Each structure stands twice: as C-alpha cells, then as structure tokens.
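Build the full structure now, drawing on both the sequences and the hints.
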Amino acid sequence: MHARIATLFSALLVALLVASCGFQIVNGSGTVVTEERSVDDFTRVDFSGFGELTLVQGDHEALTIETDDNLLPYIETTVSGGTLTIGFAKRVWFPLLRPTHSIHYQLTVKTLNHLELSGAGTVTAALLQADNLTLVESGAAAINLADLTANALTVDMSGTGRVDLAGAVTSQTVELSGLGSYDAGDLASQTAQIHLSGVGAATVWVREQLDADTSGAGTIRYYGSPQVNASSSGLGTVQRLGNK
Numbered sequence: 001m002h003a004r005i006a007t008l009f010s011a012l013l014v015a016l017l018v019a020s021c022g023f024q025i026v027n028g029s030g031t032v033v034t035e036e037r038s039v040d041d042f043t044r045v046d047f048s049g050f051g052e053l054t055l056v057q058g059d060h061e062a063l064t065i066e067t068d069d070n071l072l073p074y075i076e077t078t079v080s081g082g083t084l085t086i087g088f089a090k091r092v093w094f095p096l097l098r099p100t101h102s103i104h105y106q107l108t109v110k111t112l113n114h115l116e117l118s119g120a121g122t123v124t125a126a127l128l129q130a131d132n133l134t135l136v137e138s139g140a141a142a143i144n145l146a147d148l149t150a151n152a153l154t155v156d157m158s159g160t161g162r163v164d165l166a167g168a169v170t171s172q173t174v175e176l177s178g179l180g181s182y183d184a185g186d187l188a189s190q191t192a193q194i195h196l197s198g199v200g201a202a203t204v205w206v207r208e209q210l211d212a213d214t215s216g217a218g219t220i221r222y223y224g225s226p227q228v229n230a231s232s233s234g235l236g237t238v239q240r241l242g243n244k
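Using my numbering, the first residue of the sequence shown is number 1, and each one after it goes up by one.
Simulated from the structure, these hints should not be mistaken for lab results. These figures come from a predicted structure and were not determined experimentally. A virtual CB, placed ideally from N, CA and C, is assigned to each residue, including glycine. Some hints could be false.
Derived pair list, reagent style SDA-like, types lysine to any residue, alpha-carbon separation capped at 20 Å [said to hold, decoys possible]:
#1 K90 with F50
#2 K110 with T124
#3 K90 with V26
#4 K244 with R207
Here are the in silico distance ranges between beta carbons for each label pair [to be verified]:
#5 T111 with V33: 36 to 42 Å
#6 D41 with V228: 41 to 47 Å
#7 A126 with D69: 27 to 33 Å
Okay, here's the thing in structure tokens:
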C-alpha cells in the first residue's frame, strides 16, 4: 500500500514538474524520413540525449538523421570551435520526445580526436583510425568501436554506461567511476593506466606495463603478461585472465 502511494506521488510530482516548466509530450507522427544536415570542419563530437549514432570514417564529413518528420525540428546540430554538437532544443525536455522508432544518426568523419556522450545514446563504429583519441561517457550511454587503431587512447567514464573496444592502441589511460563497465579485452595495448573508483569494472589487454589503481569495490581484469604496478584500497581487486 505504501509503495503504491509512493509511486502515485512520484508520478504526480513528475506531472506537476512538467506542467510547471511548460514542457509537452511530443509523439512521433509515424512518418519516418531522412534529413541531411550540413556539417564540416570538426574533429570533436558531443552527442547528448538518446538515439543511435553510427560513425563512418571517410574523405568527407556528412550527417544524416532518420526519425519522425515532426521530431526533426527538435534536434539541433551545430559546429563551433571544431566541435560538432548533436542534441535536443532547450525548449523540449528530451524524455518527453516519443519517436515511433529509434532516432538514427549516421555521421561521416574525416578526423576524430574527441567523442563525448551524455544521456542514453549509443555510438558504434565498424572501423576507426585516430592519432590521439579521447572518449568521455556519462549517464547511461554506450560506445562500441569494433576495430580501433590509435596511438594514445584516453577514456573518462562516469555513471552506468558501457564502453566496448577492439583493435590496437599503443597506450590507454582509463578513469572509471560509478557503475560503468569498460571492456577492452580485445584491444591490444602496449601500456595501460587504469584508475577505477566506485563499483565499476574494467577489462584490458596489455603487453608491456599495466598501472592499476582501484578504490571502492571495483575490479580490473587483464590479459597478457605485462609488468604490473597495482594499488588497491577498499575492496577493489586486480585479476589476471591469462594470455591472448
């Protein structure tokens, strides 16, 4: 009984908040269209909200958006200072947008050195090459790069998101907090520095040197036979999984 009352109260509170802010639910029309957006001269991408973003590397830059036609005006894409920002207009609270199908973005990049996600979006790429690449993930977002080649990789994760990587990099530096999951067991690296706090988990493949620091109840697992410098506080652990 008490749980039901709490649920009803929470629903009422959300409804009052939405009404007081002037936000309205926007249902997708059911007419799904694809729109091209003009984008150029960027090496950084900031993706917020929700939807599926597919990255393709090529010799030009392009962006298409596939969704209900009446939702397109609420999706904003801007390029400023070398950063492409993909998100929703401030006049709408994005959880109240209700597309009939998942919003799909296809982004063609020439060079990418910084990718930042917030909210509940997903980013996938079949093939990506970079010199130095930084990945920043927060909220409940997910990144999946199936074949990444880079010199230096830096990853900063918070929240409950997930990052899955495969390929090869020279070095990787990972900062993971909250409940996030970093799975790079198929990403060969020469060196790695992993700092894990909270109760997250990280899996890496390292050949030469691994610096592993855990706090809280997090777990770092690794493949390979690197020299390991490990430090742990709380219930954090560092575990070897064997050779690749």
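Each hint tested on the structure:
Only pairs whose Cα atoms come within 20 Å are accepted, and K90 paired with F50 is accepted, the gap being roughly 15 Å. For the proposed pair K110 and T124, the alpha carbon gap of about 16 Å is at most 20 Å, so the pair holds. Among the hinted pairs, K90 with V26 is consistent with the structure: their alpha-carbon atoms are about 14 Å apart, no more than 20 Å. Of the pairs offered as hints, the one joining K244 and R207 holds, with about 10 Å between alpha carbons and a cut-off of 20 Å not exceeded.
In this structure, T111 and V33 break the distance hint of 36 to 42 Å, their C-beta atoms being roughly 29 Å apart. For D41 and V228, the Cβ-Cβ distance of about 43 Å falls inside the hinted range of 41 to 47 Å, so the restraint holds. In this structure the supplied range 27 to 33 Å holds for A126 paired with D69, their Cβ-Cβ distance being about 29 Å.
Hint compliance for this structure: hint 5 alone is broken.
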